[in-house]
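Peer 1: Spelled out, the chains give:
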Amino acid sequence: MLYAIRSLPFLWGGLLITLQVSALVVLLSLIAGVVLGIGIVYGPRWIYWPIRIYSDFLRGIPLLVLIFFIYYALPLIGVNFTNVMSVVVALSAFEAAHIIEVVRGAIQSIHRGQNEAAKAIGLRFTQRLLYVIAPQAIRRFLPPWINAVVDTVKGSALVSLVGIVDLTLAIQQVIGRTYIPMPLYVLGAVMYFVINYTLSSASRRLESRFAYIRE
Amino acid sequence: MSYHLNYGYIWTHFSKLGWGLVLSLELAFVSILIGMAIGLSLALAYTGCGGLVRRAVAGYVEFIRNVPLLLLVYLVFYGVPSVGGFAYDATESFVITLSVYAGATMVEVFRAGLAAVPRGLIDAGKAIGLTGWQRLNCVRLPTMFRIVLPSLSNAFVSLFKDTSLASVIAVPELTYGAQWINTNSFRVIEVWSVAAPMYLATGYVLLFLLQRLERRFSVH
Amino acid sequence: MTESTSPKPVVSIRAVKKSFGANRVLDGIDLDVHKGQVVVVIGPSGSGKTTLLRCINLLETYDEGSIQVDGVEVGFRDGSAGVRQPRRDRDLARIRADIGMVFQLFNLFPHLTALENVMLGLRKVRGRSSAEARKIAEQWLARVGLGDKLDSLPSQLSGGQQQRVGIARAVAMDPKVLLLDEITSALDPELVGEVLTVVQELAKDGMTMIVVTHEMTFARDVGTRIVFMDGGRIQIQGTPREVLSATGHDRLKSFLARIEMKHH
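Chains as they are written, first to last, in my numbering: chain A, 1 to 215; chain B, 216 to 435; chain C, 436 to 699.
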């Protein structure tokens with residue numbers, strides 16, 4: 001177990017990469033997911049179907065398949081992304097598809113009378129969204145979204161398979177030198193656990209905090 | 216863009232994809248069965264017992280659900296033999312990993328399902344004199360299974376997609392087959408344009424079949 | 436029989452038709468509502484009365500005909516070649532600002548206090564400053580008897596209180612006409628009175644209203660005119676005395692008989 005503790009400095013760089021990739025993906029997928037989610041709820045048919053097909057397709061395939069495909073295929077069509085960029089695109093596209101569903105669920109769970117009352121006092125579409133729908137949608141959006149963030153951090157481990165030195169690959173590299181796998185895997189698991197458990201606890205606390213607004 | 220599509224290599228070696236898909240389904244199926252066994256026993260333990268057992272079960276669930284599956288796969292395949300002194304092959308190791316992973320999800324599914332059994336039904340069971348054990352078997356479990364069928368369907372399809380991770384320890388399932396064709400032919404777009412829809416289509420077929428099963432058993 | 440000296444009606448409905456698929460819900464409606472009038476619309480469920488009300492502020496669209504509020508066509512505008520085109524959201528918002536609606540299910544915004552519910556339209560639609568909006572909102576909430584509940588959330592209020600906030604929210608906007616959609620149907624019986632009292636006072640102060648309701652006592656006492664709808668058409672309309680004692684109109688009589696039984 002001493003080996004494990006002494007290897008922490010080597011793992012530090014990997015942890016940073018994991019956190020950076022995760023943060024970037026969370027940000028990109030949040031923006032894309034919210035915009036497309038609003039589009040799928042309020043948009044006309046010709047907006048609905050492309051987004052729907054995108055969301056269903058990306059949620060129906062494994063993340064690993066998407067990462068491999070984007071990583072290998074992009075150079076072939078002339079797009080010269082770095083490793084990290086390819087992987088961020090793949091992960092963000094994947095997570096955005098899930099977030100579209102979260103947004104859709106959050107908005108559609110709001111009673112239609114709310115939108116009607118907002119219309120009745122003369123609010124325009126953006127005003128209705130901002131002052132009436134969004135405040136109510138957010139509390140239904142946050143817990144599942146935080147789950148998506150946890151999934152993103154877990155999914156980021158797959159970038160180790162295309163050569164990016166995240167926490168998982170850093171662990172592999174240390175094991176490659178020391179030949180003592182178990183303590184390091186356990187240490188790595190603990191590190192991921194700490195990150196994600198903090199996030200899911202925050203989610204649980206948020207859920208109870210918003211409970212004061214009853215239907 | 217000077218890439219020309221050529222599916223020849225794919226069809227020649229389609230058996231890698233076809234049999235890979237079969238293996239993926241087998242892995243998912245076995246894992247969910249074992250996972251359900253784990254999940255049900257732990258859910259019952261959680262519901263029926265006190266503090267220490269509850270914390271242990273919660274600990275197991277929280278740990279598995281917050282750690283990447285990839286790391287768990289490595290931990291079980293590379294890490295465990297090194298301390299345990301035994302060896303197993305990649306497929307066995309993956310089934311164990313995925314079953315433990317599924318078990319954690321199943322605990323949550325069954326725990327919520329048990330809690331969702333209407334109190335009225337349990338009271339009726341008490342009123343006609345059933346013992347606790349009889350109420351469990353005749354009232355609570357059958358009702359719970361009907362309630363959780365949708366969650367089970369989703370979990371199974373999810374697990375099916377997770378079998379793609381077996382490819383990293385060289386288990387010859389669908390993703391491994393596709394990677395093999397990829398590295399041997401560089402027909403990237405062709406191979407993934409076949410493999411990805413295979414996952415997608417299989418997922419839809421599974422959901423469809425499971426929904427028909429749901430309708431046959433559904434109470435509500 | 437109008438109470439107003441001005442000849443131009445506040446709400447003018449002409450030959451309005453609407454279908455939901457194969458179901459003809461509104462089958463040629465003609466109705467005028469003048470300033471200060473309280474028009475009460477009664478009829479069995481499915482008669483189209485709620486749909487008609489919701490067409491006036493275009494929560495539902497109408498297929499044919501014309502609905503004008505203060506001279507402005509609500510549902511359509513004149514397109515390029517003189518062709519009628521549906522209104523855009525921005526124009527609709529402006530039209531709706533002058534029409535107030537109170538809903539059967541209250542539809543208060545649950546994340547805002549009573550005061551904030553009433554202030555929202557004043558600030559964002561009427562463009563008032565925060566201080567002005569607060570003053571107006573406080574006045575109206577006091578008038579509906581909720582001066583001590585300004586900072587309560589809807590979940591902390593009874594049904595009757597919530598509905599009174601709904602009324603305050605609608606009238607604070609100073610609408611040209613107030614639409615009331617079965618506003619007491621979802622209330623416990625003992626709470627109905629407090630809401631109807633508020634509406635009665637508004638009527639006395641000259642608010643133009645179109646009320647869809649089952650409360651016959653209210654219709655008789657407060658209504659200027661009663662309109663009986665059935666099967667998507669106006670079957671009979673007139674003063675309360677004329678309509679409620681109408682002999683020879685079978686459908687109306689059986690409808691009234693059913694309502695009487697329900698209330699006894």
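Just so you know, these hints were derived from the structure itself, not from any lab. Mixed in with the good hints there might be a few duds.
Unchecked claim - Output of the computed footprint for chain A on chain C, the stretches with three or more beta carbons under 8 Å from beta carbons of chain A:
1. 521-528
2. 549-560
3. 602-613
Stated by the list, open to error - Derived DEER-like restraints, expressed as beta-carbon distance ranges:
4. C:529 with B:338: 50 to 60 Å
5. B:429 with C:673: 54 to 64 Å
6. B:429 with A:6: 28 to 38 Å
Computed from a predicted model, the values in this text were never measured in an experiment. We put the beta carbon where it would ideally sit given N, CA and C, even for glycine.
Peer 1: I'd like to know which numbered hints this structure contradicts. Please list them from smallest to largest.
Peer 2: Of the numbered hints given earlier, the structure breaks just one, which is hint 6.
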